[in-house]
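Chemist: Below, each chain spelled out in residue letters.
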Amino acid sequence: MLEIRDLSVSIGPHEIVHIDALDLPTGRRVGLVGESGSGKTMTAMSIVGLQPADAKVTGSITFEGSELLGRSETEMAKVRGGDIGLILQDPARALDPMMRIGRQVSEAIRIHMNLSRKEVGERVLSLLAQVQLPDPEQLLRRYPHQLSGGQQQRVLIASAIACDPKLLIADEPTTALDVTVQEGILELLVQLSDERGMGILFVSHDLGVVRFVCEEIAVLYGGRLVEVGPTTAVVRTSRHRYTESLLAANPGLADSHELEEYVGRRFDVIRGSVPALGDFPTGCRFRDRCDFASDACSEPPPTMIGEHGHRFRCWNPAEGTVNAAAG
Amino acid sequence: MPPLVEVSGLHFRYGKARVREHDDAWTLRDLTLNIEDGSTLGVVGESGSGKSTLVRVLCGLLHHQHGEVRFDGRDIREWLSESQADLRRRNQIVFQSPRRSLDPRMSIRRALGQPVRSLERRVPSDTELTEWLERVGLDSEILQRYPHQLSGGQLQRVGIARAISVRPSVLYADEPVSALDVSVQAQVLNLLMDVRSQFGLTLVMVSHDLGVVSRLCEEVIVMKDGLIVEAGRTSEILANPQTAYTEALVTAARTVSLAAPDR
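Protein sequences, first through last, are from chains W and A.
Taking my numbering, I'd label the letters of the first sequence as residues 682 to 1008.
Taking my numbering, I'd label the letters of the second sequence as residues 395 to 657.
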């Protein structure tokens, strides 16, 4: 459904993103994972033409066979909120504080669909019910500040799916929310995607969250895809050293019976920090932080292919060992 | 030995106390807890539960209306009126956003030396400044730099170096890594573990991340709506939560934990 080929996004002299190939088949949920500066948000925004004005985007992004790059702003506006829905990190800032919830959710419907007032109203009510908000009729008249963060994000999901998009782009949709609220939102996204056959491009820094939602994971470092594949393959048998160390650095909560032995245990670290734009080394961009770097790493790494579409670019890959992520 | 910090019947609200006790308007309601010298305590709960407020009351940055807070055997109000600088010196905080907690116009040299200047009324020597930076794995060449020239991880290290420069008894860390990149978080958490054992500090860490708390903190309190709903050994509470609220927190953390089984 979505095909990215040789996508390059630059600002001034710096190429921020370079993705040779990334696909999102119809109805699939793909996670785009990376730290700050990895280019994950820039990639997502380029798909819908919302990259910064001074960014130069080249290459090809096709959606259902037709090219998105180079379209006029008017044409892109038809795509956004129509075939491609969008939800962003901070729900409080994405909602207009002066606009009642009903109007907020109906906006996309009024723009993209030719429906009567009554039909629009019915659709809004059904959408609010689908995102499992209680008492939709009351809610229509509320303002954003009267809702909790989780409810606000549900409202935004309702407006994003209002015109039955085929693809939903979600950029860190739960980062600003508490963990217990996060769980509900993630489950809702999975359920909506299953019910509607809607694909999701899920952008996040949090591998744990992405793993919960997505069937495939693409890991970005320094604007390059380092590893792509089915979720279980990427998480359990990571091949790229960056993915491997990222998983080890943030293992999450251990099993109950193991908790005692983890008290006071140090974390596995990745040394250094993500370089500033333009300060990445040549060849493999992760090499000066990598424990396995060799002379070969100063040359661009080849794309290696594993099982089930598992691809990675590393000169010294992990030998497909099962990750000690449990712990 | 009595506990280093003793809290009983603590009530706090922002603004004037004009409501009766047990009213919802209290941000902290009837808290009782002890913190032993040299222990590690995690404070967990959702946003708005009062975690950060509690830390600020214990450090004497906010003043409670009812109840008692004793630090090292002495009432905190007494400390504040008679030896405020000492109380501040012995209770240091590392904040969530290193970028926002350092003055952008202050060089690292000035920022780093500031607690000693204001609390000990002396100017630290270059040898001292260098030593403090070395403790946290930084080079003295950053002394003349400004916060915007450092990465988030480096700034958080400066924050830790600054806090321990005055040899505190308790180090409070309020979400110390949530603003950092995942690959840098582990470095800073390890550093916190190291300085804690090296300087025999008591560590009180506010965090929403149960995985982090389970490693750094032997004990934990779970807060909700200004109350402590559960307290005890971290490994026991997380393995066997006694309240529905704690259980929900643990379940939610396991959902997105990489250690969780494949779906």
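A portion of the hints provided could be inaccurate.
As the list claims (entries may be wrong) - Here are some of the chain A residues that sit facing chain W, going by a computed Cβ distance under 8 Å: (1) GLY454; (2) LEU455; (3) LEU456; (4) GLY547; (5) ALA633.
No lab work stands behind these hints: they were computed from the structure.
Positions of the beta carbon are idealized from the N, C-alpha and C atoms, including for glycine.
Chemist: Identify whether the interface hint at GLY547 (chain A) stands, where standing means a beta carbon of chain W within less than 8 Å of its own.
Modeler: holds (5 Å)
Chemist: With chain W as the partner, please determine if ALA633 (chain A) meets the hint condition of a C-beta pair closer than 8 Å.
Modeler: holds (4 Å)
Chemist: Given GLY454 (chain A) was flagged as interface, is its beta-carbon under 8 Å from a beta-carbon of chain W?
Modeler: violated (28 Å)
Chemist: Was the hint right that LEU455 (chain A) lines chain W, CB cutoff 8 Å?
Modeler: violated (24 Å)
Chemist: Identify whether the interface hint at LEU456 (chain A) stands, where standing means a beta carbon of chain W within less than 8 Å of its own.
Modeler: Violated, because the Cβ-Cβ distance from LEU456 (chain A) to chain W comes to roughly 23 Å (cut-off 8 Å).
Comparing the model with each numbered hint stated earlier shows that hints 1, 2 and 3 do not hold.
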